[in-house]
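To convert, note that position 90 of the sequence shown is 90 in the UniProt record's numbering; the numbers rise steadily by one, no gaps.
Hints may contain errors.
Unchecked claim - Taking CB as the label site, the calculated pair distances span:
#: 1; residue 1: Arg65; residue 2: Ser36; range: 34 to 44 Å
#: 2; residue 1: Arg70; residue 2: Arg43; range: 13 to 23 Å
#: 3; residue 1: Ala60; residue 2: Val2; range: 33 to 43 Å
#: 4; residue 1: Glu22; residue 2: Arg65; range: 17 to 27 Å
#: 5; residue 1: Pro19; residue 2: Arg64; range: 18 to 28 Å
#: 6; residue 1: Glu76; residue 2: Val2; range: 43 to 53 Å
#: 7; residue 1: Gly81; residue 2: Val2; range: 14 to 24 Å
#: 8; residue 1: Val77; residue 2: Val2; range: 22 to 32 Å
#: 9; residue 1: Pro7; residue 2: Asp55; range: 16 to 26 Å
#: 10; residue 1: Arg66; residue 2: Ala18; range: 18 to 28 Å
#: 11; residue 1: Ala18; residue 2: Ile74; range: 15 to 25 Å
Keep in mind that the hints were calculated from the coordinates and are not lab data.
Just so you know, even glycine gets a beta-carbon here, dropped at the ideal spot from N, CA and C.
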Amino acid sequence: MVRRAQPERTCVGCRRRAPASELLRIVAVRDEAGHSLRPDPLRRLPGRGANMHPDPACFALAVRRRAFGRALRITEVLDHGVLAEHVDAPTTTSGQPDRARVASRVGRPT
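Let the sequences and hints guide you as you build the complete structure.
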């Protein structure tokens, strides 16, 4: 049996390396008020992404360290309200956020 290497990424919160499949991709979306952080669980949104464990502790560390702006190379203040709701959202039995609810928050059809 051949084992394939999985891509690894670093969590912007706790700074631990993990397989990309275990981390939540986050992108900055430009709107009329500036940039806001959006979760990208399907890893399909365009643009530069940051990765984070889908854990409130990692989210709090990243916000405290101002890691999102550095990782996404954005100097202005970022709105992280949608991302905070996503991280605090209830999960399904698989431990992953409910995809239908995530898609509705990100503005995608299910």
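Going down the list of hints, with the structure as the test:
At roughly 19 Å, the beta carbons of Arg65 and Ser36 sit outside the given window of 34 to 44 Å. Distance hint for Arg70 and Arg43: a CB-CB separation of about 21 Å, consistent with the stated range 13 to 23 Å. Between Ala60 and Val2 the beta carbons are some 40 Å apart, a value that agrees with the proposed interval 33 to 43 Å. Taking 17 to 27 Å as the suggested C-beta distance range, the pair Glu22 and Arg65 conforms, at roughly 20 Å.
Taking the beta carbon of each, Pro19 and Arg64 are about 25 Å apart, inside 18 to 28 Å as hinted. Checked against the hint of 43 to 53 Å, the C-beta distance between Glu76 and Val2 comes to roughly 46 Å, which is consistent with it. Between Gly81 and Val2 the C-beta distance comes to about 44 Å, which lies outside the given range of 14 to 24 Å. The hint said 22 to 32 Å for the Cβ distance between Val77 and Val2, and at roughly 47 Å that hint is violated.
One distance hint, 16 to 26 Å for the beta-carbon pair Pro7 and Asp55, holds here, with the actual separation near 20 Å. Distance hint check: the CB atoms of Arg66 and Ala18 are about 21 Å apart, consistent with the given range 18 to 28 Å. At roughly 23 Å, the beta-carbon separation of Ala18 and Ile74 lies within the given 15 to 25 Å, and the hint holds.
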